[in-house]
Amino acid sequence: MTKWFQGICCTFVGAGACAIALLQPHASSTAAEIAAATDASPATRELPRSASGNVNDQDIVKYINEQIRKGWQEAAINPSPPATDNEWCRRVYLDVIGRLPTVEELDAYLKSGGPDKRLKLVSMLTGEAITSNPKEQAAADKYLEEYARHWASKYSILFVGRPPAQRANRELVNRDGMQAYLRGSFLRNKPWDKIVEEIVSATGTTSPGSPEFNGATNFLVNKLAENASEATAKTAKYFLGIQVQCTQCHNHPFNDWKQDQFWGLNAFFRQTKSVQNRNGQNVEYVTLDNEDFAGEGSNPKEAEIYFELRNGELRVAYPTFVDGTKINSSGYVNEVDRRSELAKMIVKHENFGKAFANRMWGHFLGYGFTKPVDDMGPHNPVTHPELLDRLGQEFAARGHNVKDMIKWITLSEAYSLSSKSTPRNKKDDPSLGEKPLFSHFYIRQMQAEELYESLLAATKAAEGDPDEQAAKKSMWLQQFTVTFGNDEGDEATTFDGTIPQVLMLMNGDLTKTALTSNFMSQLTAGNLAMPDKISYLYQATLSRKPTSRELALAMASQGKNAQDVLQDVFWALLNSNEFIFNH
Amino acid sequence: MSMNRRHFMSHLAASAALTAPVAASFTSALRANAKDMQKRKKACIMLFMNAGPPTIDIWDLKPGAPTGGPFKPIDTSASGVQISEHMPLMAKQMHHTAILRSMSTREADHNRGRYYMHTGYVPNPSVEHPSYGAVIAKECGNPEVDIPPFVSVGGASYGPGFLGMSYAPFVVDANGDVRNLNMNMEAPRLAQRLRLLGEIEGSFAGQARGEAPIEHKKVIDRTVALMTSDQMKAFKIDDEDAAVKERYGVAVPGAAAAGAGMMRRNTTFGRSCLIARRLVERGVPFVEVEMGGWDLHQNTHTTLKDTLLPVLDQGMSALIEDLSQRGMLEDTAVVWMGDFGRTPRINARAGRDHWARCWSTVVAGGGMKGGQAVGATNEDGTAVADGVDPIKSEDLMASVLKGLGISLETTYTSKNNRPMKIANSGKVIKELFA
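Quick mapping for you: the protein sequence lines, in order, are chains S and D.
Just so we're aligned, residue 1 is where the first sequence starts under our numbering, counting upward by one.
Just so we're aligned, residue 1001 is where the second sequence starts under our numbering, counting upward by one.
Chain D extracted, bound-state conformation (with noise of 0.2 Å):
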């Protein structure tokens, strides 16, 4: 039983006598100007493969070489763009998607892997820096959206840090569920419990304390805007047609036994990725999708063929056909990245290892031009190619802002009053703008 908005609100407003700090976040939603109007349509989606995939397997295959493993590449809908043959499904989407093979990032542990990739910075223990979705939040995020700008399907992601609590990710399990909403509560005892709430949070966040009093403060207010709004429906997939859903690879009770090659599992990464689309539809910029199993250090073949790539290629080509179907893609950018990629050589347990020297990630819409694969790697795998400029992760994190009109100039000021430049300064990959 969510309580309606208006409803509550005329209660606290009945109530105004006593001052009521909490109602003033609800209503200064700020006029937005014509530019502010563009980038709120621009969103990103990011698929964070967790713990490190193997991208010579998926995508930058070497047939025939020593490291190459049992996989076949097969052809795409991008003319001479070529990737593993279990991933059928997004081989017909690869005219709407780029790789990017040169990716060098020097981060072979997870938790600095996993930190670099999400912030094109290396940890560092005097400053904590933003992640990609926090700065998409802060510059794309639509202060009408009940929902937090920055949402974490099935994972943790990584945090807001220096730019504070307001855009820390909003985790939700994989099914959406978002634990504890309901309050079932009458509106004016709602709002008298606030105003207690209210006097002890206002005066002991003012008794300079730090931040961390300050932040706690808004987050009770964003958390009180969300359990009284409509919008927490995005979450819900049940409306959705139930060809959508199984394009995404989610089992419809009651439907027949989907045919070869279509519906292969009930995926939660598939799910998830549904309610990616849906959050954006409904103006969430930033929605990051976890899928995790990665860590293939015996057994990668068997592991990708069987479990992962299937469930992988149905929730991917799902979600970046469905966004073009809808006319979302173009100002949303889907961006598939993990901690880095593993080893060229295959170890004694038919594993692959670490390895952050040379692999791929992945975009597409957003801005970004798709069909081709940018870079490349050598014979076996084992370096970037001759001549060829490694990638980045703050390269890639510049691109796909640039993608989103977000200026590359905007400088944010650390807690320790050091200018910060926007994904730490990274170059525009040029192939993916020309």
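This is chain S alone, in the form it adopts within the complex (with noise of 0.2 Å):
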């Protein structure tokens, strides 16, 4: 297993700032525009063009399609038959919104017809579902919802970690503040390059209420130690997919970054303040401001930083973004305010589309072009460089609108492949060191989010006071965590396939009370016979129904009631391999 199946794993659900109410569909691509695009297989249909773009999402699908098929015939192998409706299904509502569909969901797609039937789930889970219908539409706002969740637990993750399983609340970042500006983000459908401007140029606050509360802050917040070599380090990683932290000390010994580049990056955060507003130990806010900066040389005009080569040379850097781009190097804030001349500086980088690209390209398929996602540069091949290269223009093309690569990639015959493998694409096995060529889905295991939230789903227990949701989810999500204490951030997960997560599934509070909810008594002593109880539990788990030899295995607990057979058939659904894997 690599580890790249590791990782990303999340904290708090949003902390309700952000309401249904703001909903603004995005207008160049509602399902409405382009009702009758394309299904996985090559379409012959002509097609609306999108509003801001000049290429339509149908004729981007089938570029990724071609260029894919190209790696297949260039290593002469074929792809995997398509997976089933129902795994397809899965698969989806895993990745777009975090959780297994209930069985009502997945009866409804696959009784759905019509060659737009995914496009339309696709839609439907990214919350861009239009009808006149006020219930139906509030129905529709609900995936909304999950949606901007989802993904603002996957960023926040990426930005600021998952919550330490101690003294979470002495740290200078606050997850609930980031997650608040994510989802408030998300739900808005807020382009890509305006959330990175505002989060890496942010000023204000990072807790939620406040004054001047602004979540954006909370990625710095926690990366301005050590003359913010973190700040420097993860803004050119996550936005870039430019890894430069070993520049800080010396010239990289495998690519062409320079050390004298990472301090010229540096330059741009240096006028960067943090102010601790703490109750005893405990941190309540930071205020994040830029505030005049006078240089390592004491010139504001000209504020200079120094730093050292490694046979103890002293040497000078300006801000100098990494295409060489020099800016303005007073120190006055009221001249040059850095941070946002950096910002305005990334979003209009080749790389930051591709960045983005390869980053949820990884999402979905289980592999990005390169490996890690976000270290491109000449010195790491690219799988698949011209697909990279088109995705990160057209994504720009677009307005950086996030939900037009989901589209495109969930859309793409790749991401509808079976995850079993044939003879003809065995050697398509990254997990193996080889190149990914994607001939077949390849599976994952769920995330602790996604299994806490597929519970919820699948008992029908979601509902209630959201922030008591959140608190109980980061609670439980807390047993995971292990941090390596750091200046890096790095941490691990033990929600990793080893024996403390199959402990948990097997024994733990989450299984018990989902064994005992409301919804196991109900479908106990509802009307259902009890093969299609049985076969409820089947489909709500593994979004299929259970085999012959399954069903007769699970009938035949002798003397058993109705109550117990049902729990032992629920647990041991939820502790196989295929609940947990996407497949």
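Fair warning: there could be bad hints in the mix.
[Unchecked claim] Listed next, the in silico BS3-like pairs over lysine-lysine satisfying Cα-Cα at most 27 Å (straight line):
| hint | chain 1 | residue 1 | chain 2 | residue 2 |
| --- | --- | --- | --- | --- |
| 1 | S | LYS545 | S | LYS560 |
| 2 | D | LYS1218 | S | LYS545 |
| 3 | S | LYS426 | D | LYS1233 |
| 4 | S | LYS62 | S | LYS545 |
| 5 | S | LYS427 | D | LYS1218 |
| 6 | S | LYS512 | D | LYS1421 |
| 7 | D | LYS1233 | S | LYS371 |
| 8 | D | LYS1415 | S | LYS426 |
| 9 | S | LYS420 | D | LYS1421 |
| 10 | S | LYS427 | D | LYS1062 |
| 11 | S | LYS70 | D | LYS1421 |
| 12 | D | LYS1415 | S | LYS420 |
| 13 | S | LYS512 | D | LYS1233 |
| 14 | D | LYS1421 | S | LYS435 |
[Unchecked claim] Quick look at which bits of chain S chain D covers, simulated, 3 or more residues with Cβ under 8 Å:
| hint | region |
| --- | --- |
| 15 | 100–114 |
| 16 | 293–303 |
| 17 | 330–341 |
| 18 | 371–380 |
| 19 | 414–428 |
| 20 | 506–519 |
| 21 | 544–550 |
The hints are simulated quantities; they were obtained by calculation from the structure and are not laboratory data.
Since we're looking at a predicted model, the values are computed, not measured.
For every residue, glycine included, the Cβ atom is placed at its ideal position computed from N, Cα and C.
Hey, can you piece these two chains together into the complex? The hints should help.
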């Protein structure tokens, strides 16, 4: 199992700062506009062009499919057959809104028809469904809420990590604040460049409810120690796919990065000031602001910084972007706001769209076009370079619309294939270190958050006070976090397929609660025949019906009452590989 | 309420009419040959100092040099070997212990350093290398022991790489608590659940969807074994003598306040070291104990003196002394290391930054010769001394494995079918076996 399967795992759901009222479906690509767009197979119909781009979604999906097929031809392999509708539906729910479909949702999808039924599902899950019926619209808006929460969680974990098992309230970062900002942004479908600009240039306070609250400040607030070296490294890595951390101290041994480039980039962060507002040892909030920077040479008109080469020689650096662009090196904020200048250059850099495309492809397909997804450059081969370039360009041309990217990838042929390999593509196995060719779907384990949300959905327990739900979820998730306590903020999860995870699923409170939930009592007492009740549980967890063998085995427990039989079935399902893997 | 193994097995046997794939793995313990039996007594305890300890202030002092810092060296039970004045208890155990003073590793990024020190390989995007724990678990593991052969106490350690999830670290917290261990379930009912599970599990694993579903099944089997095992008591230190607990720095309720020197504080590190010894006694071949807090970019010396070194000194010295007194040290290697060392130069915040060019690791027991310092750094600790062979991570790993009787000719096949020599073909440090 590769390291790529680990990692992303999350904490709080949003803090309730944003409401459905903020809903503004993105104008360029509503479901209505491209309602006739393609299935995964090459389509023939002419489609309306999208409002803001020159190319329609169908053409982009077609291009993706061509490029991926080219890879198969070159390697002389054949793709696996398509996944079943059940499998595809399960997959897309997990990847787009972070939970399994309920039995009813699965059923609705299976009964839907037409060549565009997949597009319709993706549009619904990204919260783009528009109806004139207010009741149906309210139901559709729930998906937007789930969509925003899921992506806020994913990106919050990337940006500020999961909460440590202890003393989270002593940390500078406020994860509720980060999530609230991201959730609001995804709810409104704020373009990705806007999000990144706001994060990089943020000023304000970190905690919801604090004066001048701006949750976007949380990205930087815990990365400013050591002259903001982590802010420098993480900004380059996450938004441009460039890894510069080694060049803080020396020229990079494997790529073209030089030490002076690190410090040139670092200089953009040096006007940044953070002030902690504490109550005892707890951090109430942190204020992130800009202040005049005199520079290490005490000349604010030319505010310079110094760094040391390994041979001890001292060098000077001014704010210089990764492409060599210099800005006015004044340290006065009213003359130059260095972070705002940086933010503008980042979102215009050619890597910006590619970095996002690569991360999103990795999210949906299990592997990105580079490994890791945020280390791009001549030193690291790209599996499908032309495709990555094109996705980055189209994304920019579409105004960095996150939902477009989701649509293109989920409607691609690669995403639609079975996860069963065949003798004709068995060698396409990136877990063996091979370059991924996407000739079959690469299975991966659900994240802890996805498991949690899936169980809430399956047992219909998602209702209730959102803040209380969020606190419960956060408590539960903390058991899996192991932090390394170093200046890179590294952490690991024990929700990684090892014994602690299996023990939790076998004996933990979450499973106990699911087994004894109202949902289970109602199912037990309900009118369905026993085999249908068992079948319902299979569909709720595996998105398929039981085989006749499985049914016979479940029915064979002699002398048991119905409740015990159903609990045993549910327990077995929740502990199975088929359940925990996204396949 | 832990279920008795025999009781549970009888229920599985009673229902043998239905195939019970889980049962097979319990009963398939292989008969060990003599050589295997020998290896099974061997074990390794790794004390991992997370985030990079300043070894120049602990094991390789430079008094008087501009880089030296305020600490003074003291004599130890090993003739001619001096260590920090803040390690007085370890000073009495140095006749068992060897300092490797010419480590030189090149990786000064936490992630990369941690990976390299745990595996002997630098990170490579196309292959995940197995760590010490996974290799030793594979080579020295005893199938009759239910506790996983690779336990990590208080930290995450590093994974099994291409050796597969069966050799993944079993991560428990520093108190040895294993969450969710008790099922509170009647044996027949558990057996029924496992039959249902076995059907889904086996069928999905057989559908050519890659290794992961198959590995999942193995982990399920191990977990069931663990849930029904009496051996789990090894994680609970309650039945240890009060004197032993005190020696490790674990507070004993009701005991009189200890005199100066001995009982400094109730430390999780000391407790973890004691758990490690208990696990090794029970037949676990590899235990990693993590101690954190070493990323000392500022106030290095105050933090060392007031916080870190007293904790380290007490726990580490107790472990080595205890293993020695119980006659276990000869078969148990103790390895002390971190991600890398820290800069000789003291920065403007009285801190030391990342430094991999020359630093120290420490070993004791496990067939390796103690009472010595191997290699040396130059006067101010900025480079390995002239004429001294630098020691790499793979050299240390090769030496530890050799001490445990594991053949360095062992070759694994990585998932992409590349032959991978154990310990990355590292060279044995000859002074440890002189």
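Taking the hints in turn, this is what the structure says about them:
Under the criterion of a C-alpha separation no larger than 27 Å, the hint pairing S/LYS545 with S/LYS560 is consistent with the structure, at around 22 Å. Using a Cα cut-off of 27 Å, the hinted pair D/LYS1218 and S/LYS545 holds, with the two alpha carbons roughly 25 Å apart. Under the criterion of a C-alpha separation no larger than 27 Å, the hint pairing S/LYS426 with D/LYS1233 is inconsistent with the structure, at around 44 Å. The suggested pairing of S/LYS62 with S/LYS545 is violated, with an alpha-carbon distance near 33 Å, which exceeds 27 Å.
Distance check on the hinted pair: S/LYS427 and D/LYS1218 sit about 24 Å apart at the alpha-carbon level, within 27 Å; holds. About 46 Å separates the Cα atoms of S/LYS512 and D/LYS1421, which puts this hinted pair outside 27 Å; it is violated. Our distance criterion of 27 Å between C-alpha atoms is broken by D/LYS1233 and S/LYS371, whose separation comes to about 42 Å. Note on D/LYS1415 and S/LYS426: the hinted pairing holds, with a Cα-Cα distance of about 13 Å set against a maximum of 27 Å.
Of the supplied pair hints, the one linking S/LYS420 and D/LYS1421 is violated, its CA atoms being roughly 32 Å apart against a limit of 27 Å. A C-alpha spacing of about 55 Å is found between S/LYS427 and D/LYS1062, which places the hinted pair above 27 Å, so the restraint is violated. Restraint check for S/LYS70 and D/LYS1421: the C-alpha separation of about 36 Å exceeds 27 Å, so the hint is violated. Simply put, D/LYS1415 and S/LYS420 have alpha-carbon atoms about 19 Å apart, close enough for the 27 Å limit, and the pair holds.
The suggested pairing of S/LYS512 with D/LYS1233 holds, with an alpha-carbon distance near 25 Å, which does not exceed 27 Å. Restraint check for D/LYS1421 and S/LYS435: the C-alpha separation of about 23 Å stays at or below 27 Å, so the hint holds. Here's how the region 100–114 of chain S fares: 0 of its residues keep a CB closer than 8 Å to some CB of chain D, so the rule of at least three is not met and the hint is violated. Only residues whose beta carbon comes within less than 8 Å of a beta carbon in chain D count, and the region 293–303 of chain S has 0; fewer than three means the coverage is violated.
Counting residues of the region 330–341 of chain S whose CB falls under 8 Å from any CB of chain D gives 0; the rule of at least 3 is not met. With 3 residues carrying a beta carbon less than 8 Å from a beta carbon of chain D, the region 371–380 of chain S meets the three-residue requirement, and the given coverage holds. Coverage of the region 414–428 of chain S by chain D holds in this model, with 5 residues showing a Cβ closer than 8 Å to a Cβ of that chain against a need of three. Residues of the region 506–519 of chain S with a Cβ under 8 Å from some Cβ of chain D number 3, which satisfies the need for three, so the listed coverage holds.
Note: the region 544–550 of chain S has 3 residues with beta-carbon separation from chain D under 8 Å; the three-residue rule is met and the coverage holds.
Hint compliance for this structure: hints 3, 4, 6, 7, 9, 10, 11, 15, 16 and 17 are not met, and every other hint is.
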